[in-house]
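**Student:** In order, the protein sequences belong to chains S and V.
Using my numbering, read the first sequence as starting at 1 and increasing by one per residue.
Using my numbering, read the second sequence as starting at 1 and increasing by one per residue.
Since the hints were made in silico from the structure, they are not lab data.
Glycine included, every Cβ here is placed at the ideal spot set by N, Cα and C.
Take every hint as true, because none was put in to throw you off.
Covered by chain V, according to a simulated footprint, are these stretches of chain S (three or more residues, beta-carbon under 8 Å):
#1 54 to 62
#2 102 to 115
#3 457 to 465
List time: in silico BS3-like cross-link candidates among lysine-lysine, alpha-carbon distance up to 30 Å:
#4 S:K114 <-> V:K247
#5 V:K245 <-> S:K487
#6 S:K352 <-> V:K245
#7 S:K242 <-> V:K508
#8 V:K497 <-> S:K222
#9 V:K247 <-> S:K98
Chain S regions said to be covered by chain V (calculated; three or more residues, Cβ under 8 Å):
#10 216 to 229
#11 271 to 280
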Amino acid sequence: MARFEEKDFNRDNFNLGVWKRIATLFKPFYKKLLILLGLVILTALGDVIMPLLNQISIDYFASGTYDNNELYFFIGIYIVIIISVGLINYFYFRAAGKVEMGFGYHLRELCFRKLHNLSFSFYDTTPTGWLLARITSDISRLAEIIAWSFMDMAWGIPVMIMSMIIMLRTNVLLTLVVLIVVPILAIMSVVMQKKLLKAYRGVRKANSKITNSFSEGINGAKTTKTLGLEDQNFKDFKNDTKEMRTVSIDAAIVGAKFRPLVNFISSFTLALLIWVGGDLAKSNIITFGTLMMFIQYAQQFYEPIRVIAYTMSEFQLAQASGERIVYLIDSEVKIKDSPEVITKYGTLFEPKVENYEDIKGDISFKDVSFSYLEGETILDHFNLDIKAGQTIALVGETGSGKSTIVNLICRFYEPTQGEILIDGLDYRQRSIGWLHSKLGYVLQAPHLFSGTIKENVRFGRLDASDEEIIEACKLVNAHDFIMRFDKGYDTDVGEGGSRLSTGQKQLISFARAVLAKPRIFVLDEATASIDTETEKIIQYAIENIMKGKTSFVVAHRLSTIVNADRILVIAKGKIIEDGTHQELMRLKGHYYQLYTNQFKEDLAKGIIDDNVDLSLI
Amino acid sequence: MEITRLGFISKHLGKYKRQLFTLLLATVTYAGVNLLANLVLSYVIDHVISDAPITSPIYQVIDQILGGHQSLYNELWKAALFIVIIYVVVALLMSYRQKTQGIVSERLVENMRNDLYDHITKLPYSYHVSSKSGELIQKCTTDVDMVRRFFAGQLAEIFYILATASLALLILFSINARLALLASISMPIIFLYSYFFFRKVQRQFLICDEAEADMSSLVQESLSGVRVVKAFNRERYEVDRFLDKSKNYSDLTYKMILSMGSYWSSSYVICLLGILSVVIFGIFAVRDNTLTIGNFIIFVSYQSMILYPIRQLGRIMTDFSKITVSLGRLVEIMNEKEEDLISGDRPSLDGDIVFHDVSFNYDDDDQNPILKNINLVIKKGETVSLLGPTGSGKSTLIHLLVRLYEPTSGYITINGHDIRSINKVYLRDNIGLILQEPFLFSRSIMDNLKLVKPEADEEEIYRATRIAAVHDVIADFDKGYETIVGEKGVTLSGGQKQRVAIARTLVKDTPVLIFDDSLSAVDTQTDATIRDSLSKMDSRTKVIITQRVNSAKDSDMIYILENGRITQSGTHEELLKAEGLYKRINDIQNRLKESEGL
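Only chain V is shown next, with the shape it has when bound in the complex (with noise of 0.2 Å):
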């Protein structure tokens, strides 16, 4: 079922959709009773100093709130508690809505990023061979921080401003409807220009990052390069470079900073143009005794509450758009299909694997399939090698196996059953495949080989490191296991990231082993170390995959696979006596033996 932007917000804010009601609520509250105390200012300059006749109804509430004017002449202390309780009131307000907008914002983006998480890691395996990891990681931080930023003040800030502006415009109506009017003229002026001109300057925001951006990637660029750089004396033509780029930055950066200044400037200008046209028809309409000076000084005093919030929002809608687009990235990612992780058996798997006249292709390339009609059988607790050059299909072959993609037409069975019925995560529990670009996590060495087997004991992972001849070097580092793969200056080579891999498959303990060209930057001697190790170790079954002639010879099978298709198979010997790849190189080799002999 397709997700849609508003479902997807209301999905992650769950049971705090009522908080963010009363939050809404609070806010239009808080907006109300903030103009309050510039009422009681005026009640008291108008009908308790001034004592004039008490016409307008809010007037007259407060007038019984505070028990009279006339008795309040004397004690003008109840007034200013009065602002003091309104100011509680206010603060108390205040304060909720922060405290809320927080816990609502926050809960939302935490759903949002588990859910984003959950689901990337359950999209199927092309999906993360065709994806670029960098955007997606990208709409996975900033898309999410958008849509945060949007909940922890935007929309009660749009909540708050626009009930200002019609409640204090209510107010204005009823004490001076036609100063009010006037009043009113300013406000939308304010707000379409703000409006028009943020979604003008986002424009120039863009290519200021962008100008940015240049700039970083040249000082990146040259820094990495410095080798080049000096090895070719070109210093001075870096720095040339260097500075164009920071130039063109500066610039249109100070462009910008124009633009900024000519329009809060010219803004601000404008507010103070409206405040000074309620001044003036102020003044005239106190002349005509249609305006006591208390109301004129209320007429001012909203006039500014109203207008400068209002330049605010048409910023805020500006970002508006930029919301939308924002989800509608992340709903796009949450409308790709998850692989089906739950359904499924989950029967024994300790027998044969048998692959049934499989073959495959990708789904929009059915000129080029990728194996052509294979039929092999991998025996229970046999090590079964498929050598053959690259792009010959092995790996996919493999990828089959553990239904990382399904079979274009045939079937394999494990153990008898057709793994198309076995569960996707209960099959790859009990297979270990180990890439052959595998993936560290950055964190110890302990707790990488750890992650397979929570309850591991140190003894069980000194012993899959051994077997994989990494232990040693392991004990060497500086801070053992507690190494931290990827921190400052530890690196790992490949080979030895290679058999930290096979080391944390080892500890799973899986009944099927198989190694995807997983030993391909050990060094020979090691290769055949850790090959030794593990058929001393067990009686599981293991799949090798290899370029190498010498990691093959000793499986009790050998299948030679070119171009999608097996063109031979059998043991070494067998292998030998056959014309065919596996022949010719091994001739190579004799002749090498022979001449190193003379």
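Bound conformation, chain S alone (with noise of 0.2 Å):
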């Protein structure tokens, strides 16, 4: 099987088709930003007024002549504008929560449909780990970043051009001893971010290798016991908490430098304008109040730059993420239905169920060829002929290709050449959703949802009645064990199902598959990973589930599948023995060697009791 490679998605380069495309997915939010945009530049004009009334208050009130209407008037100006200012503050926040929540919403719809809508091959080489991290944190924080830091920058440009015209209007000398430090500024925070983000990746891959040794050492640690390993892998943790140490104190330090030499240069304007402006304000060509508006502009004046300079580092982060949540949305699908099949059929999102044919369950593959890799054919010009209502064994190593066999039938893949009948038709003249609808599948490994037992059987068929996931659990013997629950039916199965056994999550599973009412069935090595005695219980199970489907058993125990109808022995993708287990067992051949050997094996493993019945060799 293919490794999992992740794309290598570039870091520092500007890629505009990620964003054409990020553009055209953010559409429906278009308005809101608009909103938000408008809310941005009124939080950026009190920002900007807040210094003028200082200047006003200094000016006219304090040093001036004034009239006591005057001053309650411009109190009352004041609240209303520190009021508004509360407003427009809250106002932001909601409109940018909007768009967060809402785009992230949207997206995380879009990749979830398009996993589902994804055929097994890409999930053969995508691990799900890696699927989860794009769904969860890299929306996330696409979604953030648009939302908060685009629009922090979007409110330090207004801010910027803003003061700078009441500056420039008010004294050019001093908006120039202002100004002359911003370039230095900008360029030095530039830096800075980009030294900062470097500093960071390799403290969070310290820190990784720390999460990671810490979950070796405590899950490893009765094996390091046993071999007397303890000074030994202190040794080597030792190592990796002062590489952490090293590039965490590293990282303080780039900090160290920059942050201080920042605000240092930032502090030198006010030294300047003391000193200029003092000489103004002796001459009177400036007051006080003016002076002191300076000092708080340029003061002010350093937040946007800091802002903007920490968004566009933040921008490689967004952009990544953003690279990597379209190649999933934009990933191919493989396996999908033809423009024709899905207007009768429906889509799997909407299916119109109403134009579903029965199926009788007649299957035949007519020269089927198939490899999951080129190159490496597992089918090559396969031919087989099932009538409905058989039960059809397949054995073989691993590898031989039974396992495809079945992938095939459920359309999970689809054959590289030739076609798959069913009922006489390729079964891609009808849809996925009509064919898995008919499906009753039961895996090697069973997988439960978290909830109860109840809704883990009623997703076989979510419109079952309570009555019917009882006798589908009775049927297959799971009804008893599910009674000794406190909360029968009721009881919650815990993630993945870990408060069963793995015999009770089985027998879930087949009651879930029976309650489909499927026409063809489905097990794919499912009693592999069982014991003994939920076996036997599950074998009885089985016969009474496939009674008049068509079904397909893979099985590695060979003694769940001698009542077959057919068995099939599959060898490097070819028929090797076709037919019952005592036709197969007088032919002396593959099969009775493979059945010999294993009973042998079960024996001395002391599986077997005194019940079994030789007679069946």
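Dock chain to chain to rebuild the complex, using the hints, since each chain is given by itself in its own frame.
**Tutor:** Have a look at this one:
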């Protein structure tokens, strides 16, 4: 199987294509973004007005003559402005929150739908952990950066422009004094953010190494003990923590170098303003209030620069997240229905169930070839005809192709060449949903979902009544153990069914399949991972279920398939033996060998008790 | 001795306590110097340009430093230079603070992590059997990080805020006590408002996190069960379920954003109103000639220099309660008792192993003894098998032998030495025990094998892997022995893992080898091959725990264990002569052979 290799997304170059794609995905939120932008500009306005108010209070009221009415009017205006600033701030939060959450929700929906549309081959090569990170952290990050960081930037620019206009209209010389350090500050901020980002990347890497070491140390503690490796492992661990400390302190030093320096340069303006502004005030060219206003603008000027520099560094992260999200959303779906089929049967999410035909159950492989990877042929011009209602067992070594045959029948994969007919018609002429709605499927490792037992069984058919669920459970002998739980069918199975034993999980997954009332039944090594006692129970259940349906059993444990209508022994993608158990035993060929070997092994393991029916041999 | 939270911190700060102290001192100084610049500004406005008489002692000091306000009138650059010098000092102190809090916090957590790791690996076997590893890992990472963050900034920030607030108030009171009193009113208000808000909102944070975790686990489950989803045609159902969770998460987070929004904007309004009150009463004071313009500016600027940080303080204080909880959890781990791996003798263990009337039950359960009066002898150089059904006590017996547990009664000797007197590490170094579910570390296979004997050369390693019948398997991997265990896509099967673990123990070259059902995932053929090459190899004492008759057959001695008792013992031939489990299995085997012959 192909190894998963993460596509190498570039880090530094601007990727216009991705942003264009994100812009189209963002389309439903354009109006909200506009409102947000308006609010951002109002916020900026508020921040620019405050120093102006202070100037008035110093010049006009503190040092000038005024009558009380003017003062009350001023106070009134001041309070109105304060409250408006508060309200604008609140509405800004609201609007940004709406954009962030709305866009995040929208992207998650797109990704999740896509994931359930993608075919098996995609999952063969992509770990679920990787996908989970796309749906959670990447989407959150992108939505957050667009709603907040970009808006911070949108705030910084009007703040700078508006305060510059006010300053220029008041005094050009002082404005130049304020602006003189801006280019230096801008360059330094950008350099600093870049260095910090790089340093933090190192810290994050070292940190995940430590987490990993802890997890190894704790999970491997028993082995460490028996091998007496305590000291050895501790030595390795100390190297990791030392590395962590070194890179973290390095990162702290980057900050300790740049932040005070930037701070120093921005306060340099204050010194210049006292000098130049003081001289101007002496000659009564400007007032103290004006001087104070310039000092406040100078102090305020640095914030937008910092924010913009920060956003620029975040931009790379956002782009990387965006690239991964776009990659997922635009992944090609390998197995899909043709437009004609969709017109008649609908999509997976909007099916036209009324057009679904019944299945009788005849299945034929016509000259089917298949390979997972190009060049590695698994099936080569394979032919097989199965009559409706038969039980077919598939036997063979790992890699012989038996699971592939089942995967093809379920249309989890499609033939590379040739066709598979169901009731005489190529199954690609009907929809994936149609086939899967007629399918009962039980996996080797039973997979349950969090929730109650009842919910898990109902997964097989959503409109099933409680009585039908109980009936299905009785049929597979699951009812008794379920009733032994305090809460019976309402017992919570835990995450992934962790509170149940493997055998119990398997019985529930059988009940789930039974409830689906399938026409085609597939057991993919369904009994490999359970103990003997449960296996006996299940054996009985299986035979009950398969009556009258076209069934496929892929089995390791041969004792479970002796009653099959046909046993196919598969080797290297070919059928080498074909017949009933008795026929194949008489043949004394491959099947006979497999069967007797396995019987001996079972015996040696001591798992067969005195009740073994030796006449079966 | 029980460790307390404070003791835990103090121990790991070690010699960095002094640095922490100077860091806090520097922070307080920094806060003070930082306030100075504004004073110079108001000094220039009031006394240099406006020529008001100097009454305040602070201004007198500044006046002296700058050489008198009259001369300064024509040389304002001196004041500018003084401000530059102030900011140089501020920058240096700030830089020192940032660097030192980095060093102190990182050193602290480095020691903490090391201590935790060392301690956890030395906790007894029983602890590791019963603890939840996920939770433990979580504590070692998140809780430690909580402590780190506190020392990396929050602690110094608390000092900075308190110093700024008290020094600024001191200055303000010395200028105009009535106005200063008015200015100080809004401080407790904004502090309490923030503190209680963040305490309240913590719950909301928690709920959002839970909603997100809920959504994530649905995605996780849905994706790992994608086969089931597809096979049952439940794509639409899953999408609906997901959208439900996704919506819930979005709504809750949106609600939280709204709370944050109302907090930030309302607290902003409170701060601004606090400033406004100072402005209004400042205007009155200036008009009444009780306040100069320069001092008016000081009041307004100090007020905002105090209020916003105090708002921050409310937030930090709520975090503080989380740190005590985190520390508590870490201290709890540290107070678990370690195994004694230091004391004990190191005698030669090259001799017979004897169990003397050994019984065992777990601490909490003396109703169900696991082993009852076990007497057995494992002669030096012999191969001994322990055969019995699951739960019969086979593994426990071996755990007692390497002192992972101690017998409830009776004792065990090796070469005549009671193992209770033997150093545990030494004992385990001499008894190569291979667990049924061995753990391989996620490094290269070669590193895993060399772990037990770093100086081993390749030939030694290959010899061990050949005996364990895994050399060819490893050589077949793309990267051979350099394959990283558990790396994306490369997973060893259960049987392969067991065989690598066997090889790992063989590299160690111990006089005693114990296979605790460690061939269970290996097929019978390979099982036989491994046993064959082992018996040819040397004269080590070997103990094989198994459920397979075939694996036991060739042993010098076979013990049958049922329900914690030895029910039968002897060689293969001897056991066949007696009625019992062994014979029963063998009889069935014979009948099988006969029917095969037909």
